[in-house]
Amino acid sequence: MRAKVINEVPERTFALIFDRGDEVVSTLERFAAEHDLSASRITAIGAFESATLGYFDLERKDYDRIPVTEQVEVLSLVGDIALADDKPKLHVHVVLGRRDGSTLGGHLLEARVRPTLELLVVDSPSYLKRVCDPVSGLALIKIGE
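Under this note's numbering, the sequence shown is numbered contiguously, ending at residue 145.
One or more hints might be untrue.
For lysine-lysine, the following BS3-like pairs were computed, each having C-alpha atoms within a straight-line distance of at most 30 Å [as the list claims (entries may be wrong)]:
hint, residue 1, residue 2
1, Lys61, Lys89
2, Lys87, Lys129
3, Lys61, Lys129
4, Lys89, Lys142
Just so you know, the hints here were simulated from the structure itself, not pulled from any lab data.
Given the sequences, and given the hints that come with them, work out the whole structure.
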């Protein structure tokens, strides 16, 4: 395990309220770039009318895409924003609840909101940077010195 204190000064906290039809991933990536977010954590609740989840296949080094074509509750959405190639990179996992109480989960690749998504972004003044791991093919967080 590696650890580093990443906050000893006040953090910036943003509340983002997404409306029906908003696309979450692209909107959040654009917001992160516009606000120079580089080391942030994300949490949210709400609902989607559709989504695409991903399950990372280590053999192929790519995501299996899991389409969600029904109204679902966002039971848990957690993730982070870190720098990759000097640009903010989003990494979000989500658990979605179906009408019958069953759940789906995975990496959030895209999603359309219905009726709302209430998201908090807490940005730290320290930097986290993603570096490509040649073994997995994933951009993993490296704690800066």
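Verification of the hints:
1. Lys61 with Lys89: The hint holds at about 18 Å.
2. Lys87 with Lys129: Holds, at about 10 Å.
3. Lys61 with Lys129: holds, 20 Å
4. Lys89 with Lys142: Distance ~13 Å between Lys89 and Lys142 Cα, so the pair holds.
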